[in-house]
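Protein sequence lines correspond, in order, to chains R and F. When we follow my numbering, the leftmost residue of the first sequence carries the number 144, and every step to the right adds one. When we follow my numbering, the leftmost residue of the second sequence carries the number 8, and every step to the right adds one.
Hints listed in this document are in silico derivations from the structure and should not be mistaken for laboratory results. As the structure is a prediction and not an experimental result, all values here were calculated from the model. Keep in mind that a hint or two might mislead.
Claimed, not checked - Derived CB-CB ranges, DEER-like: (1) Pro101(F) <-> Ala329(R): 31 to 37 angstroms; (2) Ser225(R) <-> Ala259(F): 23 to 29 angstroms; (3) Gly288(R) <-> Ala9(F): 57 to 63 angstroms; (4) Ala259(F) <-> Gly302(R): 24 to 30 angstroms; (5) Leu184(F) <-> Gly233(R): 36 to 42 angstroms.
What the hints assert, rightly or not - On the chain F side, residues computed to face chain R include the following (Cβ under 10 angstroms): (6) Leu24; (7) Leu27; (8) Gly58; (9) Ala167; (10) Met170; (11) Ala177; (12) Pro185; (13) Met188; (14) Pro264.
By construction, the Cβ of each residue, glycine as well, lies at the ideal position given by its N, Cα and C atoms.
Spelled out from the first residue to the last, the chains are:
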Amino acid sequence: MKEFLTGSTAIEPSTGPKRPILSVRGVSKQFTIGAGSAATRIDALHGIDVEVQKGEFVCLLGASGCGKSTLLRIVAGFEQPSEGAVTMYGAPIVAPGPERGMVFQDYGLFPWLTVRENIAFGPRERGIARSHVDAIADRFTGMVGLQKFASYYPAQLSGGMKQRVAIARVLANDCELLLMDEPFGALDALTRERLQAELLDIWQQTRLTVLFVTHSVEEAVFLANRVLVMSAGPGRISDDIRIDLPRPRDVSSPEFNDVRRALTGRLTSHLAPGVAPG
Amino acid sequence: MAAHAAAVARALVVPALLVLGWHAAVAATGTKMVPPPLDVARTLWDLCAGGIHDDPFSGSIFGHLWASVQRVYGGFFLAVAAALPLGLLIGRVPVIREMLDPTLQALRPIPVTAWLPLSMIFFGLGPKAAIFLVFLGAFYPILLNTTFGVRAVETRLFEAAAMLGCSSSAMFRKVVLPAAMPSIFTGLRLGHGFAWILIVVGEMTGVPQGLGALIMDGRSLARTDLVIAGMLVIGVVGYASDRVLVALNNRALQWNPQHRV
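Whole structure, please, built from the sequences with the hints as guidance.
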């Protein structure tokens with residue numbers, strides 16, 4: 144088991160001239176809920192330090208309320224940290240941008256655009272020439288296997304197909320960092336497994352960097368080569384674990400189960416006694 | 008096609024029963040106040056083609072209809088021109104909402120008919136007063152539904168557009184407008200319906216032409232057949248023009264299964 148699961152809680156500066164694609168330093172985030180005397184301050188994140196290297200598949204794993212989605216939304220530029228800094232290739236992240244493609248659990252597709260038009264949305268907004276946009280849209284519609292559905296509207300698609308469109312539209316937009324917020328959480332088990340495998344294919348083909356939020360230990364062990372375990376109150380990263388299981392990973396193998404059990408142990412050790420992992 | 012014919016047949020059952028009931032009621036009571044359906048049908052024919060009564064109303068329907076259509080659509084398009092941009096602004100710009108919304112909401116409960124005396128003072132006796140009333144009636148449904156549509160756009164769609172590289176200046180055209188379209192169409196359809204309702208009120212202000220004027224003439228001459236014929240024409244034309252709007256709606260919003268009507 145040990146050879147597959149390596150703790151690396153201390154973040155060492157990477158050796159050589161290699162610069163991390165993403166760097167999160169001292170990030171905290173407080174929310175105020177309610178108003179007046181009933182106002183409560185919530186520490187969603189406290190003292191988060193993470194560096195992500197190009198090509199990594201990183202899962203943010205934690206129970207609900209641990210701030211993992213908040214951290215992802217800060218990286219996406221939808222929210223600003225209360226303290227600390229987030230940089231991509233050294234440049235501060237201040238707003239959403241096409242280099243950081245977000246895939247939402249509820250898809251966030253434009254219902255008035257067809258599959259193909261949804262995929263073409265980003266390239267078109269960035270002013271790419273019409274003929275080139277068409278070629279890009281065709282290519283990525285094909286990449287997620289939706290050629291036959293290119294002129295369908297989102298309302299006519301299943302959840303799995305919608306999520307394929309959501310993935311294709313950020314890939315079509317040349318994103319370098321793929322941010323995924325429990326993207327398969329609303330799908331049935333079979334569709335989820337299919338999409339996980341497809342996502343890994345895409346990741347291996349493109350060598351994208353992926354930051355993937357999930358509360359499923361199994362999903363994290365199946366997908367990630369690095370898992371950041373988060374715990375709540377205030378939200379922080381309690382473990383930084385490499386997963387070196389060979390791919391394709393077999394969820395029924397004893398090695399897989401060893402890693403899963405170990406990771407579940409890390410997750411529950413941060414929860415209050417008697418609380419089962421989510 | 009057979010299914011379509013069956014649907015048409017089903018839609019005609021209730022009107023046929025109403026006409027039969029009307030005929031039976033007139034025959035049973037022997038009233039002279041309400042004409043039987045056949046008399047109204049003859050008057051309708053006369054209004055269209057003449058040759059039955061040969062009075063000043065014979066063959067006059069198209070003049071009345073044209074006058075009303077001009078006022079209905081004059082008022083309706085004025086309402087669209089005012090309410091649509093205003094609704095978009097109120098929905099999108101908080102300052103404008105804070106400045107205009109209370110006033111507009113306070114004016115809203117006033118029935119359009121209550122404006123009749125004032126509109127006659129403003130615009131005199133004539134088509135302008137009718138157009139004004141139609142405008143007022145169509146204005147609020149369009150305004151309220153547009154505002155609602157703009158305000159109800161999901162935050163998620165703004166986030167999605169932003170992370171795909173949509174600039175904040177393009178957001179309005181690329182996200183707000185298409186997302187608000189179903190609501191805007193609902194407003195247009197409601198406003199259009201109110202425009203046809205209010206044309207009769209508008210044309211009671213002493214205009215010589217128009218379906219409302221025809222009904223008022225029928226009333227002062229105790230020609231109830233004319234009154235009912237005018238009512239029927241308004242019903243049919245209002246229905247037909249609503250179907251045109253519905254067809255446009257279904258065409259423009261084919262992406263939205265909830266909004267097909």
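Each hint tested on the structure:
1. Pro101(F) <-> Ala329(R): 31 to 37 angstroms: Because 33 angstroms falls inside the window, the suggested range holds.
2. Ser225(R) <-> Ala259(F): 23 to 29 angstroms: violated, 44 angstroms
3. Gly288(R) <-> Ala9(F): 57 to 63 angstroms: For Gly288(R) and Ala9(F) the Cβ distance comes to about 39 angstroms; the hint is violated.
4. Ala259(F) <-> Gly302(R): 24 to 30 angstroms: Given a distance of about 26 angstroms, which is inside 24 to 30 angstroms, the answer is holds.
5. Leu184(F) <-> Gly233(R): 36 to 42 angstroms: Holds: the Cβ-Cβ distance is about 38 angstroms, inside 36 to 42 angstroms.
6. Leu24: violated, 39 angstroms
7. Leu27: violated, 44 angstroms
8. Gly58: violated, 53 angstroms
9. Ala167: Nearest chain R Cβ about 4 angstroms off; hint holds.
10. Met170: Holds. Min distance 4 angstroms.
11. Ala177: With a minimum Cβ separation of about 7 angstroms from chain R (threshold 10 angstroms), the hint on Ala177(F) holds.
12. Pro185: holds, 4 angstroms
13. Met188: holds, 7 angstroms
14. Pro264: Nearest chain R Cβ about 5 angstroms off; hint holds.
Violated hints for the displayed structure, listed by number in ascending order: 2, 3, 6, 7 and 8.
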